[in-house]
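Enquirer: From first to last, the protein sequence lines stand for chains A and B.
As numbered in this note's numbering, residues 1 to 315 make up the first sequence, in order.
As numbered in this note's numbering, residues 1001 to 1436 make up the second sequence, in order.
Simulated from the structure, these hints should not be mistaken for lab results.
Ideal Cβ placement from N, Cα and C applies to all residues, glycine included.
Treat each hint with caution, since some may be false.
[Unchecked claim] Taking CB as the label site, the calculated pair distances span: (1) 1141(B) - 1(A): 52 to 58 Å; (2) 1396(B) - 198(A): 36 to 42 Å; (3) 1293(B) - 233(A): 55 to 61 Å; (4) 1168(B) - 227(A): 28 to 34 Å; (5) 1179(B) - 227(A): 42 to 48 Å; (6) 1181(B) - 194(A): 41 to 47 Å.
[As the list claims (entries may be wrong)] Computed footprint of chain A on chain B; a stretch qualifies when at least three of its residues, placed anywhere within it, have a C-beta under 8 Å from a C-beta of chain A: (7) 1043–1051; (8) 1198–1205; (9) 1315–1323.
In case you want the letters, here they are:
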Amino acid sequence: MKHLRSIPELGADGLTRLLELTNHMVEVNRRPVPKVPALRGRTVVSLFFEDSTRTRLSFETAAKRLSADTMTFSVSTSSVNKGESLRDTVETITDMGVDAFVVRHKSAGIPWQISDWTTAAVVNAGDGWHQHPTQALVDCFTVREARGCERFDGLTLTIVGDIKHSRVARSNIAAFSMLGAQIVLVAPPTLLPPDVAHWPVTVSHSLDDVVGRTDILYMLRLQSERMSQGHVPNLREYSERFGLDARRLAMLPSDAVVMHPGPMNRGVEMLIDPSALPNSLIHRQVANGVSVRMAVLFDLLAGESSAGNLREVAP
Amino acid sequence: MKRDNNAKRGSNAKRFVLKGGTIVDSRGERRAEVAIEGGVVVEVGEALSGDAIDAGGAVIAPGFVDLHAHLREPGKEEAETIETGSRAGAKGGYTALVAMPNTDPPQDSVAVVDFVREQGRRAGLVEVVPSGCITLGRQGEALAPMAELAAAGVRIFTDDGNGVQDELLMRRAMEYGRGLDVTLAQHCEVATLTKGAVMNECQCCTTLGLPGWPAVAEELMVFRDIELARITGARVHFLHLSTARSVDLVRAAKRDGLPITAEVTPHHLSLDETRLMSFDTVYKVNPPLRSPRDIAALRKGVLDGTIDALATDHAPHPRRDKELSLDQAPPGMLGLETALGVALGVLEIDLPHLVRIMSINPARIAGIEARHGRDIEPGAPANLVVFDPNITWQVAPDELASKSRNTPFVGMTLRGRVRHTIFGGDFTVLDGEAQR
Ligand SMILES: [Zn+2]
Ligand SMILES: [Zn+2]
Chain A
1 MKHLRSIPEL
11 GADGLTRLLE
21 LTNHMVEVNR
31 RPVPKVPALR
41 GRTVVSLFFE
51 DSTRTRLSFE
61 TAAKRLSADT
71 MTFSVSTSSV
81 NKGESLRDTV
91 ETITDMGVDA
101 FVVRHKSAGI
111 PWQISDWTTA
121 AVVNAGDGWH
131 QHPTQALVDC
141 FTVREARGCE
151 RFDGLTLTIV
161 GDIKHSRVAR
171 SNIAAFSMLG
181 AQIVLVAPPT
191 LLPPDVAHWP
201 VTVSHSLDDV
211 VGRTDILYML
221 RLQSERMSQG
231 HVPNLREYSE
241 RFGLDARRLA
251 MLPSDAVVMH
261 PGPMNRGVEM
271 LIDPSALPNS
281 LIHRQVANGV
291 SVRMAVLFDL
301 LAGESSAGNL
311 REVAP
Chain B
1001 MKRDNNAKRG
1011 SNAKRFVLKG
1021 GTIVDSRGER
1031 RAEVAIEGGV
1041 VVEVGEALSG
1051 DAIDAGGAVI
1061 APGFVDLHAH
1071 LREPGKEEAE
1081 TIETGSRAGA
1091 KGGYTALVAM
1101 PNTDPPQDSV
1111 AVVDFVREQG
1121 RRAGLVEVVP
1131 SGCITLGRQG
1141 EALAPMAELA
1151 AAGVRIFTDD
1161 GNGVQDELLM
1171 RRAMEYGRGL
1181 DVTLAQHCEV
1191 ATLTKGAVMN
1201 ECQCCTTLGL
1211 PGWPAVAEEL
1221 MVFRDIELAR
1231 ITGARVHFLH
1241 LSTARSVDLV
1251 RAAKRDGLPI
1261 TAEVTPHHLS
1271 LDETRLMSFD
1281 TVYKVNPPLR
1291 SPRDIAALRK
1301 GVLDGTIDAL
1311 ATDHAPHPRR
1321 DKELSLDQAP
1331 PGMLGLETAL
1341 GVALGVLEID
1351 LPHLVRIMSI
1361 NPARIAGIEA
1371 RHGRDIEPGA
1381 PANLVVFDPN
1391 ITWQVAPDEL
1401 ASKSRNTPFV
1411 GMTLRGRVRH
1421 TIFGGDFTVL
1431 DGEAQR
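Hey, can you work out the whole structure from these sequences and the hints?
Expert: Structure representation (structure tokens):
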């Protein structure tokens, strides 16, 4: 694997490989000193054009636990616009000698553009509405861990909310279907992409209709700007129809789990105290984030000696 | 910077004869020699005397006319100048280019329009025909001084880059324009439907997560302006049509006898939306590349005469502007040097029809039919192109005359290449090489 840019590009074999590798990293993270020398001498740069402290810290912690050096490059898009092209920025950083770019940007496609301009590996940490592959790896790993299964045949993943603008949804639809899950999308038509009929999913506009037949209930964050853009009339109406409240929680099968990619909008998509959720995987999603990102960086950067290195991280 | 025009002018006094070619103009095809002297065609026939110029096996046609070129001067000379754009045009077989008005300052005053025309004259490679803005500053709020501009020679008005959003203002522009005997050219895009849009709204955009640009944003304005033309009687030209339904609307409007014309670009006839899967900003264009179904409808529209003209929408951008994210990179691609090759490569079109859509019709729409797109006969101005319709070739970006390099046609096999371009009796291109 040269880059991690999207789940479809990673493919089912790559997905399985990274999930297996994550098991090793979980073990490393359980040690008293959760650090291995696997990527000593390697440099990972976070190139974040959009603020996301959570994702950036998760990647940087992962890199440090593998003994890689880290650099952070936070750029407001406007400053790149002034005189310097995105390519100039990437080439300058490449010249400093980096092995991997971890990239977050509000426009889809940035990881592909960047990989044309650098010899370093590129990890997509979120490109616009398009992909967020490490989040999908985290979510698949978390469900595997919770259900104790490797594949998701027979399981139904129900994703609720702003599918149209969600890179998390796009990544998870690809990843969970590769592992055999059935996928149901629940949203008003304004929050669905224009040609969703070609996706391997079924669509519902009523959460009440489907909540009783789901194994994994995945709540997406609704950004308040969707109101000003006319996607929903107001947040109250959205919450009533698509929020998770006590009534819907009671309709959920008893062994079903609840997930959310964070940060959560209390009182919008989440109408109950998440700590009161009986089957919440939300904390596990955060906890597994570092292990998954360690697996990704290791897989990309450990190179030829990866077999030997894996022995270093293996129990 | 000013070139010595006298030295150049000296050459067109000398008589020369294009030998071995086939004339293609509105009267069809015929083999004949063409003698040129003093900037005009002086004789058409057999065994003419004069310096022989080889046109063996080639087509001799009235020079191409582009209804839609962004020459970027004044304001964005980093991307293109009137001189470099003119040279690119000459290499593509053009003898006249309609200069789009989205310059800085925009072409909404006589001073700017005169400047553009004069820069064209100085370059001396094609006739640069300035369009005028419909609204002041292309802001869509108040009419530009259309009568003043018309008096200064402007025959075609457009806010290209923007569509005129306000229905009442557009109605007024048409009413006023009809009194001036000018053409209103619309960039059809209902802006509220395309805010932030990057690519066609389709299956691809759903998966790529790129904001979708719906076909209806174009079609609504095509429909609106057809209906406004119906009540005002104005001559309306539709720029860069890109959807199947737009073609249907124009076909029906023409059947009703309305004074409507339309153009299509080489890229909308040849490239589809799936190009964006590479996330290469060279494929970002306004209107966006559409579906294969739209492409088929556009080609049919050309072949059945619904679409009158091939126009390039030549839109140069410097490297660093295109090396931004897809949401920030400006839309547009080069077109002048590749239009003929793309058109012959993708259209099953006979040569007289090709000459109609690349020369005769656009000359008429631009109001320059006295000098361009004319039949090749004694007395006609010597604005001519000589091209080889069957030569195939590939684009080498380094050989382009344009100042920019944002061509999407690299790697595509094109068919048909310009051998000579003659403007005002002078060779601007000889044996494929720009002469100045
Ligand atoms: Zn336009
Ligand atoms: Zn244009």
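Enquirer: If a hint holds in the structure, say so; if it doesn't, say that too.
Expert: We went through each hint and held it up to the structure:
{"no.": "1", "hint": "1141(B) - 1(A): 52 to 58 Å", "verdict": "holds, 54 Å"}
{"no.": "2", "hint": "1396(B) - 198(A): 36 to 42 Å", "verdict": "holds, 38 Å"}
{"no.": "3", "hint": "1293(B) - 233(A): 55 to 61 Å", "verdict": "violated, 35 Å"}
{"no.": "4", "hint": "1168(B) - 227(A): 28 to 34 Å", "verdict": "holds, 30 Å"}
{"no.": "5", "hint": "1179(B) - 227(A): 42 to 48 Å", "verdict": "holds, 46 Å"}
{"no.": "6", "hint": "1181(B) - 194(A): 41 to 47 Å", "verdict": "holds, 43 Å"}
{"no.": "7", "hint": "1043–1051", "verdict": "violated (count 0)"}
{"no.": "8", "hint": "1198–1205", "verdict": "holds (count 5)"}
{"no.": "9", "hint": "1315–1323", "verdict": "holds (count 4)"}
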